[in-house]
Amino acid sequence: MRKQKHLSRAAKYFIGETTLIEVILFRISLLFSREARNNYKWLNEMKAFKTDKRKNDIKFDTDAAWNKFQQKIAKAEDEVDRQIGWTPYKLAGVAASLLVIVVASFLTWSYLNPETVKLINYAQDNTLIRTLPDGTQVFLSHNALLEYPKRFVGRSRVARLKGEAYFDVSKNPNRPFIIQTEKANIEVVGTAFNLKTTKNNVQVNVTEGKVRVTLANITKSALVSAGESAIANGTEIIKLKPDKSLNVNKRMKILMFQDEYLEDIIRVINKTYGTKIYLIGDDLKAMKISVTFDNEPSNIVNVLSASFNLKVTANPDGSIMLSN
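Note that our numbering has the sequence shown beginning at 4, numbered continuously upward.
These are calculated hints, taken from the structure and not from any lab test.
All clues given are correct.
Think about it this way: if two alpha-carbon atoms lie no more than 27 Å apart in a straight line, the pair counts; the simulated DSS-like pairs of lysine-lysine are: (1) Lys256 / Lys202; (2) Lys274 / Lys165; (3) Lys165 / Lys244; (4) Lys213 / Lys223; (5) Lys274 / Lys291; (6) Lys256 / Lys199; (7) Lys199 / Lys274; (8) Lys256 / Lys279.
Restraint-style ranges between C-beta atoms, simulated for each label pair: (9) Ser108 / Lys242: 45 to 55 Å; (10) Lys165 / Ala99: 39 to 49 Å; (11) Val120 / Met324: 29 to 39 Å.
Even for Gly, the Cβ is constructed at its ideal location relative to N, Cα and C.
Throw the hints in and build the complete structure from the sequences for me.
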């Protein structure tokens with residue numbers, strides 16, 4: 004008989020000789036069988052009775068009690084097997100299902116909590132350019148710190164800035180882009196603007212579209228449109244006259260790219276300088292490179308063509324084709 008070959012699941016569980024999967028399976032059996040629950044309760048009572056020093060004068064046949072317990076547990080196991088039909092295959096199925104649940108839970112948590120990237124520009128005269136997962140391009144000034152997730156999840160795209168940077172935000176009306184700073188948060192859908200944070204305030208200069216500036220600790224906000232500037236000092240948002248001295252192109256002396264796709268680099272160059280440089284071939288667009296350019300379009304084309312041994316074709320309309 005099974006009870007003679009194997010110690011019952013309940014007895015093993017009670018004396019702590021079960022594996023993790025056996026513990027799980029036994030607890031599941033308790034959910035299905037009232038008889039199993041009653042027997043487990045009876046075993047606890049028997050142990051308490053046996054170990055109570057105040058009852059030492061009572062004669063108790065432990066062997067008979069244990070045999071009785073074995074019989075009751077075997078009966079309970081039969082009842083559980085009848086109700087839920089334990090078989091080796093079903094036990095393996097339960098274990099596999101539990102493993103799937105654990106793995107799925109971990110993968111879901113990992114997806115919803117992507118790793119955070121911290122990007123700092125230590126170079127004195129270089130502008131560090133980074134393309135974010137959604138296509139947004141950020142131009143970091145010296146000592147600027149940008150934090151962003153490897154993958155944007157949820158209803159918004161959130162990044163954090165300390166220092167100064169220029170943002171060219173990829174448009175997505177359904178998922179606003181939010182930049183968090185110490186004094187205020189900047190919310191946009193698709194626009195371009197310069198953002199500078201200091202210990203005392205946040206200054207935003209909008210070159211395209213509109214942004215909403217919201218104070219971090221007070222429910223107060225203001226809409227800033229293209230050509231406008233604003234300063235948020237923690238308690239107030241003050242609109243300013245357009246900052247005509249702000250010229251992103253002239254302020255960038257050297258462009259620095261770290262492990263960027265060639266397609267993204269060309270997109271930055273074309274928008275920054277108004278050039279018409281085109282890459283021919285998807286394989287060329289998908290190439291990555293870390294490179295530093297002087298602030299001069301012709302030098303950029305020369306560096307790229309030399310780095311990848313590309314053919315440069317200049318057209319009458321001023322456009323330039325780069326191909327293998």
